[in-house]
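Full structure from sequences and hints, please.
Number of protein chains: 4
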Amino acid sequence: MARNQQPWATRTARDRSDAPARGRLLDAAETVFARRGYGATTIADITAEAEVSRAGFYVYFASKEEIFRVLAVRVRDAFLAAQDVPGVDQDDVREVVGASTAAFIAAYARHLPLLRLLEQQAQTDDDVRAVWQETQERPIHRSARYIRRLAAEGRAAPVADPLAVARAVGGMSIQFARLTASDPSGYDAAVRDVTAMFLHLLGIGPDR
Amino acid sequence: MARNQQPWATRTARDRSDAPARGRLLDAAETVFARRGYGATTIADITAEAEVSRAGFYVYFASKEEIFRVLAVRVRDAFLAAQDVPGVDQDDVREVVGASTAAFIAAYARHLPLLRLLEQQAQTDDDVRAVWQETQERPIHRSARYIRRLAAEGRAAPVADPLAVARAVGGMSIQFARLTASDPSGYDAAVRDVTAMFLHLLGIGPDR
Amino acid sequence: MARNQQPWATRTARDRSDAPARGRLLDAAETVFARRGYGATTIADITAEAEVSRAGFYVYFASKEEIFRVLAVRVRDAFLAAQDVPGVDQDDVREVVGASTAAFIAAYARHLPLLRLLEQQAQTDDDVRAVWQETQERPIHRSARYIRRLAAEGRAAPVADPLAVARAVGGMSIQFARLTASDPSGYDAAVRDVTAMFLHLLGIGPDR
Amino acid sequence: MARNQQPWATRTARDRSDAPARGRLLDAAETVFARRGYGATTIADITAEAEVSRAGFYVYFASKEEIFRVLAVRVRDAFLAAQDVPGVDQDDVREVVGASTAAFIAAYARHLPLLRLLEQQAQTDDDVRAVWQETQERPIHRSARYIRRLAAEGRAAPVADPLAVARAVGGMSIQFARLTASDPSGYDAAVRDVTAMFLHLLGIGPDR
DNA sequence: AATGAATGAGGCTTCATTCAT
DNA sequence: GATGAATGAAGCCTCATTCAT
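Chains as they are written, first to last, in this note's numbering: chain A, 1 to 208; chain B, 1 to 208; chain C, 1 to 208; chain D, 1 to 208.
It cannot be assumed that every hint is accurate.
Treat identical chains as interchangeable: a pair holds within one or across any two.
[As the list claims (entries may be wrong)] Subject to a maximum C-alpha distance of 25 angstroms in a straight line, what follows is the list of computed DMTMM-like cross-link-like pairs (lysine to aspartate or glutamate):
#1 K64 to D77
#2 K64 to D92
#3 K64 to D27
#4 K64 to D127
#5 K64 to D125
#6 K64 to E51
#7 K64 to E49
#8 K64 to D45
#9 K64 to E119
#10 K64 to E153
#11 K64 to D188
Note that these hints are calculated values from the structure, not bench results.
Next up, the structure:
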């Protein structure tokens, strides 16, 4: 889209073939990894999907591991960015909790295939492990920070250590996100239930 | 039987423990899969670990997929069996919840490597998917049943639908089980915290 | 069948399982070789068909080559024996030629699968080659001898050297035998046509 | 094209003749199949003969079966093409029969090894069977057509149905072609005898 | 920047064959 | 004789990767 912001550009967007090859390869890799898993994916699968020659892959990436690492970062960033919920009244705990729960579940469900692979490859590849840990931990720590602040301000009375509560809520949310991924129609109920339990664990009763 | 006809024989060969090859192969497969993941594991790795010839593998299993499927069933059974907690006073909700939480977290942490692979392969292999789903769902449904009974008997006032609570608690427990797997010293705290949150979600206050 | 010629024998013929294993293996080998060809046939195929254990094969035969050699002899003998046509008036050339042509075509068509393999393996295995050559040459030489006698007695005037005529008639017969094997209904016409051409090549006109 | 930019270059590598690898593989396959038969031939044999790496084989062919199928077509075409005998006076039956008999026997003898394999593999592989049948039937039908024309024009009085005569002559020719293959010195006599018998079956007397 | 051609390395699988019982 | 279990040897095939152009 940014491409057309330059009025002097003469080429009109022609199908995928004028996207730069590197980007096409990354998109293709994401698609194929999601479809066939890490191990079963071959370089040939990726280049076929990207409509690039096999050798063309090596112009941009040194190996399957490397393209995966690049992809891992992309997924982490997308996943974390999707959790910034702007336009929420920071003073309304219920609204904050509801909105961030909704965002988390939605983002997790959306990126589930790649997140699974991330976790998987984290067992093997140290670089991926670092990315995966950040992907996992950052939302939890952010949440824990928030809970600590609420507790300090006397606006919540968490049942357990804030970090433990944050982790627990993270666990729940993931569980429901997986459910949502296999049955998207359950999304609203999932958000409602998790929000309610989150609030309850904060010692905050249901809305009226 | 013939083996005992010669009392002076020091046991006819068979130094390789004396487990029959099939069992050795399954144990070896479990070890190797846990160590190197599914994709990176080769038949040669498994047979080397089992001290069996490469060809010997095919006497009992047709492929890596097949031995994994057999292993999947074994893991599911072990994991589910580990959650039967005998000798618990069924009338004491706190004790039941505490014991089953402890058992679940311990079992999950213990089998984590294979459970991860189970989930992973469930994406690809329909048979494994069935086993994985049972592994996942059975504890949750059992837990949901228990919650429903407590609610019906007026001994608990769950914050949300019993199935949702069960699922949420499952999610938490998994989260803490993973933590425990990487840092076993946190086990007691994990059990304590999850138990407390579980009870809280059941509307049951802290012990005295 | 010979088994029941001994009146003192008490065992009645019970299905294949009391045929001695060696014979069962040979029969099985013939069946399987005919069905799958030489190369594709495995020892396991043969023993399965014979309902004998894999190792049992080696009690009687040292290898696939060896059992094939034994089979080759059996086939050669059966094929040659089938060409003895008793009860034919040796003075009636037309009858002799007709009967032996019929017998040859029938025998060739019947044993075609194994004869093909014989020829095939003759390329590779010297023992088989000897058997194959005899199988091929004996009928031709016998036929040539007959033609020579007829010529000497002035009862025929062969168009070419008796051996060449015999060879030519052999070639025709094989061609029609193959046709017959794939379409048995053509047998009578084949015999009639070949007989007519055979007689013609002997300078003997059609029957009245 | 770039190759000629450096006039001093002594030809960029490519000592392996300069036939492209695919052609070399086909030639090699023909050689090796003829030498060792189908079953005994391995991919490694072929690639060694072609001076190509084992993996190189799979760039052009998916399997031994496939390269054989391609070869089958090549052999069929070569065999059939060798039977076009130009420069023959179509009005001289003796010349036509003699020339086509000679061509057939020569072509069959020359391609005997591969033709044998063709027949052999026709039992197993449907594609090969189709090629083999055409290889077999086309000369016979062409010959039958010719005989029918001669008969219609009153220039021949075949002893039997033209198709039967054609088939019979085919059978003879094959028989003598095989003989020729194992003893090339007999070629002329074979052609003479088969031609004589062919003409005789057409009811055409010997030359003068 | 891009690619067609080629290959080294490595895993999978089959199979004839042996051996202890 | 007969067999279940096991294995060495060998072939097939795939794939990441390189290289000349």
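> For which of the previously enumerated hints does the structure constitute a violation, in increasing order of number?
Replying inline: Violated hints: 2, 10, 11; rest satisfied.
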